[in-house]
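So you can see what is in the structure, the chains are spelled out below.
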Amino acid sequence: MSFLLTCPNCGVREVTDFGFGGEVSQRPTERPTWRELNTYNYFRRNVAGVQREWWVHRSGCRAWFLAERDTRTNEVLWTALPNAAPSPSPGTAVAS
Amino acid sequence: MRDLFRKRRMWRRPTELKSSYDVVVIGGGSHGLATAHYLREHGITNVAVLEKSYIGSGAAGRNTTILRSNYKTPEGARFYDASVKLYEGLSRELDFNLLFSQCGHLTLAHSDRAMFVMANRAEVNRLQGIDSRLIGPDEVKQLAPAMYVGPDTSYPITGALHHPPGGIIRHDAVVWGLARSADAGGAEIHPYTEVLGLDRSGDRITGVRTSRGDVRAGVVLNCTAGWSTLLCDMAGVQLPITTHILQACVTEPVKPFLDVVVVSSQMHIYISQSDRGEFVMGSEIEPWTTYRTQGTLNFLQDLTRHTLELFPQLEHARILRAWAGLCDLSPDYSPILGRTEVENFHVSAGWGTYGFKAAPIVGKTLAELVATDRTPELIAPFALERFYRDDLVSELAAAAVSH
Chain V
1 MSFLLTCPNC GVREVTDFGF GGEVSQRPTE RPTWRELNTY NYFRRNVAGV
51 QREWWVHRSG CRAWFLAERD TRTNEVLWTA LPNAAPSPSP GTAVAS
Chain S
1001 MRDLFRKRRM WRRPTELKSS YDVVVIGGGS HGLATAHYLR EHGITNVAVL
1051 EKSYIGSGAA GRNTTILRSN YKTPEGARFY DASVKLYEGL SRELDFNLLF
1101 SQCGHLTLAH SDRAMFVMAN RAEVNRLQGI DSRLIGPDEV KQLAPAMYVG
1151 PDTSYPITGA LHHPPGGIIR HDAVVWGLAR SADAGGAEIH PYTEVLGLDR
1201 SGDRITGVRT SRGDVRAGVV LNCTAGWSTL LCDMAGVQLP ITTHILQACV
1251 TEPVKPFLDV VVVSSQMHIY ISQSDRGEFV MGSEIEPWTT YRTQGTLNFL
1301 QDLTRHTLEL FPQLEHARIL RAWAGLCDLS PDYSPILGRT EVENFHVSAG
1351 WGTYGFKAAP IVGKTLAELV ATDRTPELIA PFALERFYRD DLVSELAAAA
1401 VSH
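From first to last, the protein sequence lines are chains V and S.
Take the first sequence: its letter number 8 is residue 8 in this note's numbering, and every next letter is one higher.
Here this note's numbering runs 1000 ahead of the position in the second sequence, where the first position is 1.
There may be inaccurate statements among the hints.
Label pairs and their in silico Cβ distance ranges [to be verified]: (1) S:E1343 x V:T33: 20 to 26 Å; (2) S:G1197 x V:G21: 30 to 36 Å; (3) S:Q1301 x V:E36: 40 to 46 Å; (4) V:W78 x S:F1116: 44 to 50 Å; (5) S:T1045 x V:W78: 51 to 57 Å; (6) V:S2 x S:D1131: 36 to 42 Å; (7) V:R72 x S:T1045: 34 to 40 Å; (8) V:W78 x S:R1008: 51 to 57 Å; (9) S:K1141 x V:P82: 50 to 56 Å; (10) S:Y1148 x V:P82: 43 to 49 Å; (11) S:E1041 x V:G60: 55 to 61 Å; (12) V:E36 x S:P1256: 52 to 58 Å.
Don't read these hints as lab results, they were simulated from the structure.
Every residue gets a Cβ at the ideal spot worked out from N, C-alpha and C, and that includes glycine.
Just chain V, with the same shape it has in the complex:
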């Protein structure tokens, strides 16, 4: 099912208006090993459930924002600009 997203600046739009930026992931340490860096680059949690993720309003204001969405139903729980985002739901990752 296609779904709607609410851009924090522009309001409700179809998902095709947006670019998907992937799940929010933990940044590696300051001097990561080769393996840590590759893990950060390639490996994903890919959860079936609530996922904290990045979106960009590509065909609109071009702002990056955060959302939490249930990947089993595509229900979007909330969207917010990074500085206004609620604390993460249990089981989701935070950018550190």
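Please build the complex by placing chain S on the supplied structure of chain V, with the hints as guidance.
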């Protein structure tokens, strides 16, 4: 003919799970069943194939049945070519007509850049002994006379990569034929048996917990495509995979007028006409991740618009069905095949949009891995470990747009 109308069951439906199996295959799709089929050759028959729904209910029953081997990397081309060769003999091997039609495969080019990339692919393919060559618009017109090749379109056709051994096959028959053979060899097929957890002790998986009871397992294989991450989580193995939907649709049957598979990367479509006359059309994956297999309207809009540019004759054809399946996309568009850091837990994952065409060779190589405990050379480049080393096998150019 008798086989086509048989009333006997083609495989047993065992009532109970045994307490222990030498090999537990998770996923009753084309890969899982092919592995069970080829394990016979090694005399390994104490095998269970566990499927959470009916067999072939996932990607094996949702793909667009296209087979080809004209990949971009030598590793990929070699691997998929071995698969097409196995498919060529599979009807005979399984004694079951899989309706494989090697009608040829055209990947359209719409720019000089695309022609360059395809010339490169053709050379890689030829070095591997794969029939694949670059052709111009005139030859495209000869191979697909019903297709509109004229210059006054959004995407004028500058040429194509022609791959004569490519074609289409009856995908459900592949599942059924493999299931029948696996069953005849002694493997048990357990549909409606969902894996709920894996028991890990040190570097080994010792047991599989299912919705119908727990079993002990010598070796566990994860052949669950879109759900690979979830099964690997149970084993404590991380994967570099994201799950997306890929969609396809068919029109009502019309008289035959296309006997070649047509793919356009730039237009994001692939089209073939089935033996029943239906046009089978597929598009690109949705960019966002999801586990929900429901289709989108923008898919139908984009796909039909592009299809009509190539085949205006279909203007009044009605869509019979549209559907979505889950794809386990890897970062380099190559599979993740073989060993993991857990000693007796192997994966066939990261299949994105190209898993079905690899089913027999996956089965054969995974069976060999299980039987000999050595990774076959053909699949060594596709080890999970490559992502930790950043040693990728990039098929972006030949697989990013499906088929």
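Consistency of the hints with the structure:
| no. | hint | result |
| --- | --- | --- |
| 1 | S:E1343 x V:T33: 20 to 26 Å | 24 Å, holds |
| 2 | S:G1197 x V:G21: 30 to 36 Å | 32 Å, holds |
| 3 | S:Q1301 x V:E36: 40 to 46 Å | 43 Å, holds |
| 4 | V:W78 x S:F1116: 44 to 50 Å | 46 Å, holds |
| 5 | S:T1045 x V:W78: 51 to 57 Å | 53 Å, holds |
| 6 | V:S2 x S:D1131: 36 to 42 Å | 40 Å, holds |
| 7 | V:R72 x S:T1045: 34 to 40 Å | 37 Å, holds |
| 8 | V:W78 x S:R1008: 51 to 57 Å | 55 Å, holds |
| 9 | S:K1141 x V:P82: 50 to 56 Å | 53 Å, holds |
| 10 | S:Y1148 x V:P82: 43 to 49 Å | 48 Å, holds |
| 11 | S:E1041 x V:G60: 55 to 61 Å | 57 Å, holds |
| 12 | V:E36 x S:P1256: 52 to 58 Å | 56 Å, holds |
Comparing the model with each numbered hint stated earlier shows that all of them hold.
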